[in-house]
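Student: Starting from the structure of chain B, add chain U where the hints point.
Number of protein chains: 2
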Amino acid sequence: MVQVSGAPPRLFTFAGGDSGDWRIVAMTAVAGEPLPDASRLAMIAGAAGAERAKWRLRGITSNERYVTRGEKSELVAKQQDLGRPDSTCAALIPIRKTAAWWALAQDERRRIFEESSKHVRIGLKYLPAVARRLHHCRDLGEGELFDFLTWFEYGPSDAAAFDALVAELRASEEWRYVGREIDIRVIRAEG
Amino acid sequence: MVQVSGAPPRLFTFAGGDSGDWRIVAMTAVAGEPLPDASRLAMIAGAAGAERAKWRLRGITSNERYVTRGEKSELVAKQQDLGRPDSTCAALIPIRKTAAWWALAQDERRRIFEESSKHVRIGLKYLPAVARRLHHCRDLGEGELFDFLTWFEYGPSDAAAFDALVAELRASEEWRYVGREIDIRVIRAEG
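Line order of the protein sequences matches chains B and U. With numbering that gives the first Met the number 0, the residue at position 6 of the first sequence is 5, and numbering never jumps. With numbering that gives the first Met the number 0, the residue at position 184 of the second sequence is 183, and numbering never jumps.
Think of the hints as simulated: they come from the structure by calculation, not from any bench. Check before you lean on any hint, since a few could be wrong.
Unchecked claim - Label-pair distances were calculated between CB atoms; the ranges are: (1) U:Arg169 / B:Ala188: 39 to 45 Å; (2) U:Gly5 / B:Glu172: 25 to 31 Å; (3) B:Asp80 / U:Arg22: 19 to 25 Å; (4) U:Ala46 / B:Ser61: 16 to 22 Å.
Built from N, CA and C at the ideal position, the CB exists for glycine as well.
Chain B on its own, in the form it takes in the complex:
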């Protein structure tokens, strides 16, 4: 894999082990099998690094699959970048959707995603407090454990709001198609 010069990185590796800039404070298997316990999380641009970690999950940023132009404009206007100094809390949420989800046609998935589950609408309520980056795994290869890795960053005073955000989404029709979900909460490690 060749990094296109000048282009921002798209492929990221999240590694759980005993090193990394983020200290793991909770790992919850919301659905399906848990991941092995780890004390630190590393987020690395590219596919190499942290080869001795307990687990490594890769994902790649891509084009949006469901959002309309209007929704995209609203998101772009309100969202902030990752890496804000006061965002000392973060979450990594790997998700695998069921075969039934992937067998749906595009219009069926869109209806569930937004018209029923209000995925964008809910997310917008928590902007700009919560910054996020979505990584796709499903089309990286045949053996991926998850379909998506979403990385969220927020400040300590927004931790309760973040809990409300994920609770709203988990109550939606879309989440009936989630077969595996791990909720990994981290705080930025000192020094």
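Tutor: Coordinates of chain U only, in the frame set by chain B:
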């Protein structure tokens, strides 16, 4: 990468060189840079094999990105599988779309893809004569040369119809977003 047991393969490698079951009879750079000349094409399930070929392109089958339930039902009812004994002609068409395409929102891409360009509607006219399999490359990694590899199989008596199919698509609004396209025609090698 672990092959999920029982699941059909999703990842395929197309290799151009001096071996493979298909004899290359024409390679045309429709847009952008050509690929190096080769005499044979191999289609291999998985990511390994043909390491000494002149070029190797990988792609993975995935969920549909644009088709509605109604369109999907029409396609499924009319289309036939690859590997028909009388389909001795085939084409591999690698395509890369422009950054402008990928910056569009989902509803914008759908409008161009079908409401304007009639991508599904055109394809349906040539079923079941032309069998096809679409492979995605864009989200395999950061260094992929193409976004899609489409593989088509048909009989010699449908070769002119296949030319008409690709000509119709190339005249569409969608094709204004094609930055690179190679049209590789092959026939099944004897013995």
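Student: Broken hints, numbered, in rising order?
Tutor: Violated: hints 1 and 3.
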